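Q: Taken in sequence, the protein lines are chains H and A. Residues in the first sequence are numbered consecutively from 1, following the numbering used here. Residues in the second sequence are numbered consecutively from 1, following the numbering used here.
Everything labelled a hint here was simulated from the structure, so no lab data went into it. Keep in mind the model is a prediction, meaning the values are calculated, not measured. One should not assume that every hint holds.
Chain copies aren't distinguished; within one or between two, either way the pair holds.
As the list claims (entries may be wrong) - Pairs of lysine to aspartate or glutamate, DMTMM-like flavour, derived with a Cα cap of 25 Å: (1) K10 <-> D388; (2) K416 <-> D121; (3) K274 <-> E408; (4) K416 <-> E5; (5) K432 <-> E136; (6) K10 <-> E403; (7) K3 <-> E163; (8) K274 <-> D420; (9) K40 <-> E179; (10) K274 <-> E21; (11) K471 <-> E282; (12) K248 <-> E163; (13) K9 <-> E179; (14) K3 <-> E342; (15) K10 <-> E163.
One letter stands for each residue in the lines below.
Protein chains: 2
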Amino acid sequence: MWKPERNSKKALYEQIADHLEQRISYGEFPPGSLLPSERKLAEQFEVNRSTVISAFAELRSLGIIESRTGSGTRVSTSKWGATPKHTPNWSRFAEGGNFLPNLPFLRRIREALGQDPSLIDFASGELSGDLAPTDEIAALMSRNAYTSYLGYDNPQGFTPLREALVQYLSNYRRIQATESSILITSGSQQSLFLITQCLLSPGDAVAIEDPSYCYSLPMFQSAGLRLFRLPVDNHGIQPEDIRVLYKKHRIKMVFLNPNYQNPTGTVLSVERRKRLLDIICELGLPVVEDDPYSLTSYEGVPPLPLKSMDTTGSILYIGSFSKIAASGLRIGWMVAPRSIVERLTDARQQMDFGLSIIPQQIAAQFLQSSYFGPHLESLRIQLQFKRDLLIESLEKELSGLIEYAAPEGGLHFWCKLIPDIPDAKLLEESIKQGIIFVPGSVYGSDSGYVRFTFARSKPEDIELGIAKFAKAIRRLME
Amino acid sequence: MWKPERNSKKALYEQIADHLEQRISYGEFPPGSLLPSERKLAEQFEVNRSTVISAFAELRSLGIIESRTGSGTRVSTSKWGATPKHTPNWSRFAEGGNFLPNLPFLRRIREALGQDPSLIDFASGELSGDLAPTDEIAALMSRNAYTSYLGYDNPQGFTPLREALVQYLSNYRRIQATESSILITSGSQQSLFLITQCLLSPGDAVAIEDPSYCYSLPMFQSAGLRLFRLPVDNHGIQPEDIRVLYKKHRIKMVFLNPNYQNPTGTVLSVERRKRLLDIICELGLPVVEDDPYSLTSYEGVPPLPLKSMDTTGSILYIGSFSKIAASGLRIGWMVAPRSIVERLTDARQQMDFGLSIIPQQIAAQFLQSSYFGPHLESLRIQLQFKRDLLIESLEKELSGLIEYAAPEGGLHFWCKLIPDIPDAKLLEESIKQGIIFVPGSVYGSDSGYVRFTFARSKPEDIELGIAKFAKAIRRLME
Ligand SMILES: Cc1ncc(COP(=O)(O)O)c(C=O)c1O
Ligand SMILES: Cc1ncc(COP(=O)(O)O)c(C=O)c1O
Numbered sequence: 001m002w003k004p005e006r007n008s009k010k011a012l013y014e015q016i017a018d019h020l021e022q023r024i025s026y027g028e029f030p031p032g033s034l035l036p037s038e039r040k041l042a043e044q045f046e047v048n049r050s051t052v053i054s055a056f057a058e059l060r061s062l063g064i065i066e067s068r069t070g071s072g073t074r075v076s077t078s079k080w081g082a083t084p085k086h087t088p089n090w091s092r093f094a095e096g097g098n099f100l101p102n103l104p105f106l107r108r109i110r111e112a113l114g115q116d117p118s119l120i121d122f123a124s125g126e127l128s129g130d131l132a133p134t135d136e137i138a139a140l141m142s143r144n145a146y147t148s149y150l151g152y153d154n155p156q157g158f159t160p161l162r163e164a165l166v167q168y169l170s171n172y173r174r175i176q177a178t179e180s181s182i183l184i185t186s187g188s189q190q191s192l193f194l195i196t197q198c199l200l201s202p203g204d205a206v207a208i209e210d211p212s213y214c215y216s217l218p219m220f221q222s223a224g225l226r227l228f229r230l231p232v233d234n235h236g237i238q239p240e241d242i243r244v245l246y247k248k249h250r251i252k253m254v255f256l257n258p259n260y261q262n263p264t265g266t267v268l269s270v271e272r273r274k275r276l277l278d279i280i281c282e283l284g285l286p287v288v289e290d291d292p293y294s295l296t297s298y299e300g301v302p303p304l305p306l307k308s309m310d311t312t313g314s315i316l317y318i319g320s321f322s323k324i325a326a327s328g329l330r331i332g333w334m335v336a337p338r339s340i341v342e343r344l345t346d347a348r349q350q351m352d353f354g355l356s357i358i359p360q361q362i363a364a365q366f367l368q369s370s371y372f373g374p375h376l377e378s379l380r381i382q383l384q385f386k387r388d389l390l391i392e393s394l395e396k397e398l399s400g401l402i403e404y405a406a407p408e409g410g411l412h413f414w415c416k417l418i419p420d421i422p423d424a425k426l427l428e429e430s431i432k433q434g435i436i437f438v439p440g441s442v443y444g445s446d447s448g449y450v451r452f453t454f455a456r457s458k459p460e461d462i463e464l465g466i467a468k469f470a471k472a473i474r475r476l477m478e
Numbered sequence: 001m002w003k004p005e006r007n008s009k010k011a012l013y014e015q016i017a018d019h020l021e022q023r024i025s026y027g028e029f030p031p032g033s034l035l036p037s038e039r040k041l042a043e044q045f046e047v048n049r050s051t052v053i054s055a056f057a058e059l060r061s062l063g064i065i066e067s068r069t070g071s072g073t074r075v076s077t078s079k080w081g082a083t084p085k086h087t088p089n090w091s092r093f094a095e096g097g098n099f100l101p102n103l104p105f106l107r108r109i110r111e112a113l114g115q116d117p118s119l120i121d122f123a124s125g126e127l128s129g130d131l132a133p134t135d136e137i138a139a140l141m142s143r144n145a146y147t148s149y150l151g152y153d154n155p156q157g158f159t160p161l162r163e164a165l166v167q168y169l170s171n172y173r174r175i176q177a178t179e180s181s182i183l184i185t186s187g188s189q190q191s192l193f194l195i196t197q198c199l200l201s202p203g204d205a206v207a208i209e210d211p212s213y214c215y216s217l218p219m220f221q222s223a224g225l226r227l228f229r230l231p232v233d234n235h236g237i238q239p240e241d242i243r244v245l246y247k248k249h250r251i252k253m254v255f256l257n258p259n260y261q262n263p264t265g266t267v268l269s270v271e272r273r274k275r276l277l278d279i280i281c282e283l284g285l286p287v288v289e290d291d292p293y294s295l296t297s298y299e300g301v302p303p304l305p306l307k308s309m310d311t312t313g314s315i316l317y318i319g320s321f322s323k324i325a326a327s328g329l330r331i332g333w334m335v336a337p338r339s340i341v342e343r344l345t346d347a348r349q350q351m352d353f354g355l356s357i358i359p360q361q362i363a364a365q366f367l368q369s370s371y372f373g374p375h376l377e378s379l380r381i382q383l384q385f386k387r388d389l390l391i392e393s394l395e396k397e398l399s400g401l402i403e404y405a406a407p408e409g410g411l412h413f414w415c416k417l418i419p420d421i422p423d424a425k426l427l428e429e430s431i432k433q434g435i436i437f438v439p440g441s442v443y444g445s446d447s448g449y450v451r452f453t454f455a456r457s458k459p460e461d462i463e464l465g466i467a468k469f470a471k472a473i474r475r476l477m478e
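Let the sequences and hints guide you as you build the complete structure.
A: Right under this line is the structure:
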């Protein structure tokens, strides 16, 4: 939100006048429309009302606005609306198109975080700064040059990164890939976008987990897909449900997040994996395996991806740097049959012409460096530490009021509230108390569930945040 | 294209067997399908036929393929096709979706460049490495730290870059913007993608220049838009044509590239600009001004954008780093009314979650550094030098066979061939001679036009390339 500069040479009222003139010229306030009141603007700009009055006087003297007593201040129609001059109806364009807006809860969360940076953030699904390998990346950047080539790169992705991923996938995830079967994308997000936009057609039926990260993405509806649910219990989905949906709705693709699922944290059991693979092979049904979390397992050997057991080439595998290193690099990857990689490379050429090569170089170096293994080990330990802190705080503050199954990996904690409180009320009261989370309904679940991302908070904020959350709950239970 | 490694420890035939097994397991060759012949594969892999025969023997012994005399080699149905096992029909998915594939000529050009890196490249629309500010960017990168924050950034774009662009737009392009009216995108390409996907609806009519870069983008058709043409002469489009199209087809938006237009190099005359602005204000019709080239003008004061004259906020302005600095940074920007910026930010959140912050930091630093002005000056001189070299070579080799109007800015040279030679023939013969260009029909023009990008070649290759091109023409005229 724009505010005038306190230590500028330009007077506050002049800054405000210029700012308003610009917004008018951009069509935000069309000719004849009513401007917000002096009082409202003074609040917004954090200035005295008299400053806004001076700014209005200035604009009036320029013929840009007109005031009539009792009917407020309007954008002049003689200056801006001289008969043949029309500003496009931008709001109609903003409402047009195929692309659905983000869910109201997610927009509310973004807005609240923008307005109050002091909120304790259990909503943003990412690592805290100290968990990201910032020193390691800084060290790599100080040792390497990045500017030998700065032209358009292969839209399939920087070749050395694809080569580094072949090694990484083989060493860490037991997936045998070739560089030609890898597509580099802007996080897993863009892999999902490309699949839903370019491989499926409007009207196609697909199956997704319930609850699931996919529900938080209007992307699926924007592509015109019909969504069918695969309920998740403590061991993941029931593979037989896929067969039922296939028979009933001819689903064309299945989207799964089998390791430390977002939001529930569950891992699909080994026994169900086997049945799942049998069923999808029987049906010739492709599965998208979205796997950003498997390497975050807190203890023991991380679960392997489904893709490592995929002998028929039925799985499109998606990985990401976001949850194991740094989400701001925007590096993700897809492993797919070459025909699919070629198709998506061709399409993305239309969308963004590929990613910047500098972060791709950094990612390739980091994966191949001696930093990567130790970074992962320490990440896993610290995530476990934060999860334990969260559980401790929840048990202290909300014992008896919540139910959960503690996750063994991932960044999130899923829990059910026993008292019956509507999502929207709880979210608003929590914001008031200074803490924010994602209501479960964003992921398609019933009301009364909450996702806490504990990975993003400082350890000392976890206890404090849960205390604030508990206060919100107690308020609403009164 | 995959090839076995000559100096690997693994025998060539083993590498080939592994490679084929993998492609089979990925569903590229479904159970029962015919493999390419031994001879064909030997050619592709650049090995002796006997090596492929050994690889096939290996695969046969594993039960992966079956050969029958006289009917070639097939993927085994007993191993891969065991009744309940099916690989998804990937080719159907690759053909699905809304997104149209790239134009055949563009795919052919990409393929030819991939196969023969020694081709003299007059096709890729970008700067040569030595014209990009590589040393300057390297110097900035050695002085600055980039890792203080590596989390998810504002999907509207890195705030300091938007602030730097406010300055840049004001100083260099006389556009008054605020950071809240700027959206950072992956080159201008993504700005165009967001506009066509999110602000317009299938069936909407839009006007584009003829010829135009837009025709090279199936993006417009993929969004279901109906395209109407605004013919370009030596002074750009005729503004009155817009009114005609509006009356006839209710066009919803106009796409223009008024400064050193791609591909023709023309500049919309000042007098037509004024009429254009009057007409679009009269109709309340929004214009997308795609302006990657205006600062490349070889001499004098660069033409200002239409947006600098836009008093009604009717223009969505798009700029890019690609043609004035480095296309591989993938940095572009859009200036738009806040409601539009908000809408597109929300939508792009679904697509890629924003750009990597490191290239955005680099771009912000470069724009604000003392390198930027001098870099632009030297770029303009060197582009003029290359254009002159091209004209000299064309006059020497093809005098009387071509017609053109020399461009005063930009990276491209548009010319008409007087002899009547079909585009496809000329392209193939040129590739044979060792030079590649873009046929004019890619931009929607009639056959017989050629776009040469001279900015990308080394000076010494310009003369050589045109000599090769002339040879191709003479061959086809025989
Ligand atoms: C399951 C899952 N998939 C994909 C994503 C997208 O992340 P990114 O694009 O940063 O890789 C997320 C982020 O929360 C996620 O939880
Ligand atoms: C007129 C025009 N617009 C947009 C683009 C896309 O370039 P980028 O996405 O690299 O900015 C090009 C590239 O050739 C172009 O010529």
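Q: Indicate, hint by hint, whether the structure satisfies it.
A: We went through each hint and held it up to the structure:
| no. | hint | verdict |
| --- | --- | --- |
| 1 | K10 <-> D388 | neither (53 Å within a copy, 48 Å between copies) |
| 2 | K416 <-> D121 | within (19 Å within a copy, 61 Å between copies) |
| 3 | K274 <-> E408 | within (21 Å within a copy, 66 Å between copies) |
| 4 | K416 <-> E5 | neither (45 Å within a copy, 55 Å between copies) |
| 5 | K432 <-> E136 | neither (38 Å within a copy, 48 Å between copies) |
| 6 | K10 <-> E403 | neither (57 Å within a copy, 55 Å between copies) |
| 7 | K3 <-> E163 | between (48 Å within a copy, 14 Å between copies) |
| 8 | K274 <-> D420 | neither (38 Å within a copy, 64 Å between copies) |
| 9 | K40 <-> E179 | between (57 Å within a copy, 22 Å between copies) |
| 10 | K274 <-> E21 | between (65 Å within a copy, 22 Å between copies) |
| 11 | K471 <-> E282 | neither (52 Å within a copy, 58 Å between copies) |
| 12 | K248 <-> E163 | neither (42 Å within a copy, 54 Å between copies) |
| 13 | K9 <-> E179 | between (57 Å within a copy, 19 Å between copies) |
| 14 | K3 <-> E342 | between (48 Å within a copy, 18 Å between copies) |
| 15 | K10 <-> E163 | between (55 Å within a copy, 18 Å between copies) |
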